[in-house]
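Colleague: Each chain, written out:
4 protein chains.
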Amino acid sequence: MTIELQTADTTAVREALAAQTIELPSWAFGNSGTRFKVFAQPGVPRDPYEKVADAAQVHKYTGAAPRVSLHIPWDLVDDFADLRSYAEGLGVQLGAINSNVFQDDDYMLGSLCHPDAKVRRKAVDAHLKCIEVMHETGSQDLKIWLADGLNYPGQDNLRARQDRLAEGLSEIYAALGPHQRIILEYKFFEPSFYSTDIPDWGTSLLHCMALGEQAMVVLDTGHHAPGTNIEFIVAQLLRVGRLGAFDFNSRFYADDDLMVGAADPFQLFRIMNEIVDADALRPDSGVNFMLDQCHNIEPKIPAQIRSVMNVQEATAKALIVDRAALHEAQQASDVLGAHSVIMDAYNTDVRPMLADLRREHGLDPHPVGAYAASGYAERIVAERVGGAQAGWGA
Amino acid sequence: MTIELQTADTTAVREALAAQTIELPSWAFGNSGTRFKVFAQPGVPRDPYEKVADAAQVHKYTGAAPRVSLHIPWDLVDDFADLRSYAEGLGVQLGAINSNVFQDDDYMLGSLCHPDAKVRRKAVDAHLKCIEVMHETGSQDLKIWLADGLNYPGQDNLRARQDRLAEGLSEIYAALGPHQRIILEYKFFEPSFYSTDIPDWGTSLLHCMALGEQAMVVLDTGHHAPGTNIEFIVAQLLRVGRLGAFDFNSRFYADDDLMVGAADPFQLFRIMNEIVDADALRPDSGVNFMLDQCHNIEPKIPAQIRSVMNVQEATAKALIVDRAALHEAQQASDVLGAHSVIMDAYNTDVRPMLADLRREHGLDPHPVGAYAASGYAERIVAERVGGAQAGWGA
Amino acid sequence: MTIELQTADTTAVREALAAQTIELPSWAFGNSGTRFKVFAQPGVPRDPYEKVADAAQVHKYTGAAPRVSLHIPWDLVDDFADLRSYAEGLGVQLGAINSNVFQDDDYMLGSLCHPDAKVRRKAVDAHLKCIEVMHETGSQDLKIWLADGLNYPGQDNLRARQDRLAEGLSEIYAALGPHQRIILEYKFFEPSFYSTDIPDWGTSLLHCMALGEQAMVVLDTGHHAPGTNIEFIVAQLLRVGRLGAFDFNSRFYADDDLMVGAADPFQLFRIMNEIVDADALRPDSGVNFMLDQCHNIEPKIPAQIRSVMNVQEATAKALIVDRAALHEAQQASDVLGAHSVIMDAYNTDVRPMLADLRREHGLDPHPVGAYAASGYAERIVAERVGGAQAGWGA
Amino acid sequence: MTIELQTADTTAVREALAAQTIELPSWAFGNSGTRFKVFAQPGVPRDPYEKVADAAQVHKYTGAAPRVSLHIPWDLVDDFADLRSYAEGLGVQLGAINSNVFQDDDYMLGSLCHPDAKVRRKAVDAHLKCIEVMHETGSQDLKIWLADGLNYPGQDNLRARQDRLAEGLSEIYAALGPHQRIILEYKFFEPSFYSTDIPDWGTSLLHCMALGEQAMVVLDTGHHAPGTNIEFIVAQLLRVGRLGAFDFNSRFYADDDLMVGAADPFQLFRIMNEIVDADALRPDSGVNFMLDQCHNIEPKIPAQIRSVMNVQEATAKALIVDRAALHEAQQASDVLGAHSVIMDAYNTDVRPMLADLRREHGLDPHPVGAYAASGYAERIVAERVGGAQAGWGA
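Chains as they are written, first to last, in our numbering: chain A, 51 to 444; chain B, 51 to 444; chain C, 51 to 444; chain D, 51 to 444.
Hints in this document: simulated from the structure, not taken from any laboratory. A portion of the hints provided could be inaccurate.
Any copy, or any two copies together, can satisfy a pair, since identical chains are not distinguished.
To be verified - With a cut-off of at most 25 angstroms between alpha-carbon atoms, the simulated DSS-like pairs for lysine-lysine come out as follows:
1. LYS179 - LYS168
2. LYS179 - LYS87
3. LYS168 - LYS87
4. LYS87 - LYS172
Just so it is clear, the structure is predicted and the values come from calculations on it, not from any experiment.
In isolation and in its complexed conformation, chain A is listed as follows:
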């Protein structure tokens, strides 16, 4: 059966979509690549201000991306209050602060898990510095992803590293303000190859539970082994009240960091279906929907616009699932019937509804085209001459 969106009362769906926000990563606008090559793109930002300006373009055309995550030290500025008011002037907020304890030479063999106490001290201090930044930016979330891990069996003691990790996190947690959170990311491989110190949601959750209620798990959709059912993890973390945020992106094999929804749009829909089912889409649910992806060969601003639209489309499909019919079929053990309810929503073309919604809110119905027509891309290429382009190293 097709779902007739034209004639249905989609008021609640539209309201939910209008309230949805997606946070953008500042580093998505800088150069990025693989270990083989970083291909520079003309017009790429040279400082955090220009990154924020580019992110604001995404919000301008989608109306759904009002926050920008920063990465410290990549986005260090002298005056974060100034950066904050600059952002607000462009209609966006500064969002989560991402710590970076993997690029200083001292961190070659780890940061919070390093066998050397001096390196651990330095890594804790780097996080305390991030919390200071958060006070200035008004950020609520300290996102911690560690590159810690081992390349070779025996290289270090797996369990001792967990103990060191717990100790370091504990000191960082103690420094949080009352409305601040640690959101702790897991990743099952890379840049370490034999083991990573937070490889799975179970490990992240154990540390969060040990820390307290202000510690939550970050689920990056690219950080799982093949065959992993990600929406199950979403449901599980929501059930125990510990899903703090998403890092959205998509991947075919490794942590490919492609545009969310590009590799497996059906999976993205299933993830959003769990979110809707648990009523976790509402703005006060405690789940921060963030993008974390890189654009190595495609232009960065339109790629972010497209990604936001992909999340919106998956969300819209999740919102139009006929939950009463679904529940009824599930209770009746009607395997094909229940599956069909899900597929009917997925197979529906929600783009016209989203285009309408944009028009209602004064936006162009076609964000990518509107951005392309704006001349912004050409302008930054012309203007951003000289200086050092931002990338993962700056």
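Add chains B, C and D to chain A, keeping to what the hints say.
Modeller: Frame of chain A; chains B, C and D shown alone:
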């Protein structure tokens, strides 16, 4: 550097090896196969008594396999006290009781997670029956592996199934005696294809923590996604005191149930290395080392003997790791040096030491050969004529 | 941009869809399951005639499934001419003949690759028997899938098995009639776990090339390692003129045999996109589009109907790709633009167009509903009482 | 049974080991890392001469690494004849020439497969330049690994890219001298994420067969999907006479480029077992055994020494397999017996035999220790001051 076992004082190593015990599964002695075909083997047991007799052969030649796990209802007998004394007469104990709630027609769409309360009731009752059996057999561990899961997105509600699971487990847990445990297994796929209701150690652990201190996680070495670092999970579960048991076997891709150590002997060594490192090899550590594997094309008794020997060899290698040198290299951030310490132990041929140890304990140094020479295999082929051979269905 | 199917001239698309045919497997209508359990379903066929009758229902409601593959010996009948005319009376043809050399006890360690020449002889003869059947049924394709492989390193000689395989295939090939083909399937694991003797398309292709022009590769969508780009293989096999057939199904991790399009509908679309791009959809392209999937927990006839519809929908989306725009964007190195052209087609809801097409051809626009309303399901449950239900073993 | 190397006649084994050579990659001595960070190491070479000097150290202590592969343009020098005589003065030869058509900005979307004919021209010319270098260095092998591929479905036409690839290779092949070869590498992912243009051995082989007898396949042990049986591919390529070379390294999940034998030593043994079984170890077999691995966190020279030793140990184990007993057990369908023959060889400690062999040839029995004691590492740290360290980009 080679480790000179001939001249070293290996007293502690030998004592640890002599104290190690491995539990055998009764079902390893029956017929098994794939969905394509079960190839019957001559001489296969026709009842639980004959399975126990075969298991006792493995213990007779290895001296290291003094317990047999049972599977209910496959191993139901009229008088478990009689089976118990029969086993003890052969020198072995009855071990863990495995519930089976996946072969009755009612369980097609699940057991403890089924949408229908009547099916859930039946599944809980099946477990309560297992606990009754445990009182008669003297078993301490109720091993729960559920085939519950979904084949299609939407087929049932992922989160509701977790809630039902928690409720069912809670009722079963309440029926445990003071010295009994639930050991809860996870499996990331099969026989369900889209999702399994306990897919990973995190899910199993969450349920165990909710139940109480008598609930522990079972780690089956074949139940992980490709690329998963299993020894990390071992270390993590030991760290939180919740590693209840192993189901040992080996696999190349799926849950292949090959002989442990046959597919990746280095991985088995790394797992035992974490066990030794955490001092969890000692008999009172609470970790039950069990085999759970099937022999589809190879003869069953020698395959179990070989598997026990493989675990012993991996353990022996783990025991001879020079932990002082390892710790020193790790603290010094000497990546290659630390890795070398591990590899030196792994590359050592421990078979002569194990052969000596067997001689010391009055065993033939070559268990497979001794079993082959005993004529037992020919005897059971001759004697076990008529009746229905045991298999996964009985 | 949304593709406006209502107003576009979709004549060519409709003609291509109307000409598309999908072959059904007789075994999809019998009972099937996993190694853990086969759950029987009421009304399941008890002989090949009833299987053909059920398959004819799928064609009746979709108009797109006019052939039925048989499996020998599962579908052996005394008089194939009679079965053929029975099928034709129901509006369907007998299609490919599938050999089965994996269920006789002699085949435990292989068939065409077995170390024992007597077993190889028997396996060749089984195929010659299939060719005889083909003469009676009018079938063109002898589909060969072998369960041959190894569970343990060293079990047999990998290379010698290839030589034996080549020799056996060669004898079978020589017996083909001038309009008959061998279509040779590959599978990367299961039921063997360590190695399979035709694990990948490269191996199948090498054997086909050695045999001659009447040997072609079968691509089963469930028979690849995780992360494999299947549409690349489709394109490659089409390029060298050796794609003989598809075995369609879908899977999340292993050879799950779920309904095609259920696990990753975007992948199915990408596969059909390569087919359309190479003009291989036309009936005389030499590609036989077959289903090969099992319905363990869902009702079998509607699951086949749904599967046929899924293939039709993926095909329709592939047909509406704006290939001129795609080519232009690709030539211009417009990564996002080219990707968008593909996604615009994929995101279009083609179900209304397919419903229209069915109406045009005198079919109910909603095949699943029409079948459900027909009472056929209830009738076979009532009528098929007694006898032995068909399954993988019969 | 243990294999008693002390008393056995191992003359043939020792001769085979003494004749074995392994080629080293120049880039293993430069800095390398991940997309997250390249950690520089003190003493790293600053030019090709210093790389060759470091490689010569590996040969000095192992006696088994007499060739060095170069990477063009990373290793471009003004006078290759001079570099060649420099190398020969240090006791090593210049080996395979590796083309690099992935770091110039023009290659962002591909090289030989690029949609733009101008870029393809440039990529062909880069290879022709490599052939010129080969004439000067006396190299026989032009190793081609392409980073070509796609990140997004639709980005380019999969099949057209194959046609362009065939055309480009054909022109390069035509420029080969009579004793030169193209060796063509495949890789299933990275740096492209959606598809790579030579993802598997089948694709590489098809192109080699189209080119002619001087084109051979390169098997990089890190370039396969999880679960792939690599020794099967080795056996298959040897069977068709197209295994040109190995790129040895090891990996847990992706193309980790760890030291060969570090992640799965049993797999390395199985690979060498196929080599020995096909008599492809002998120097004139046409198989070039090369290392291709990076040392991101461990010191580079000892890591290469260790890697060479790992290959030697795996080879030694393969050489002591009792092939008569293996064949007999295989023919008798003795699954466990045949597997045991393989495992007996694998479980044997061959390090004492290799130490003896080194002594016989005037080498220190412990290469890593001897290198460490030599003071070379300290010397290059002291001497190599100033200049730009070599890395993947230079």
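Colleague: Are the hints correct? Go through all of them and say.
Modeller: Okay, the hints, checked on the actual structure:
1. In this assembly of identical chains, LYS179 and LYS168 lie within 25 angstroms of each other by CA distance solely inside one copy; the values are 17 angstroms within and 50 angstroms between copies.
2. For the identical chains of this complex, LYS179 and LYS87 are inter-copy neighbours only, at 22 angstroms across copies versus 31 angstroms inside a copy, given an alpha-carbon limit of 25 angstroms.
3. Taking the closest pair of Cα atoms, LYS168 and LYS87 come within 25 angstroms of each other only across two copies (21 angstroms); inside a single copy the shortest separation is 33 angstroms, beyond that limit.
4. Only between protomers do LYS87 and LYS172 lie at most 25 angstroms apart by alpha-carbon distance; the minimum there is 18 angstroms, versus 30 angstroms within a single protomer.
Consistency with the previously given hints is maintained throughout, with no hint failing.
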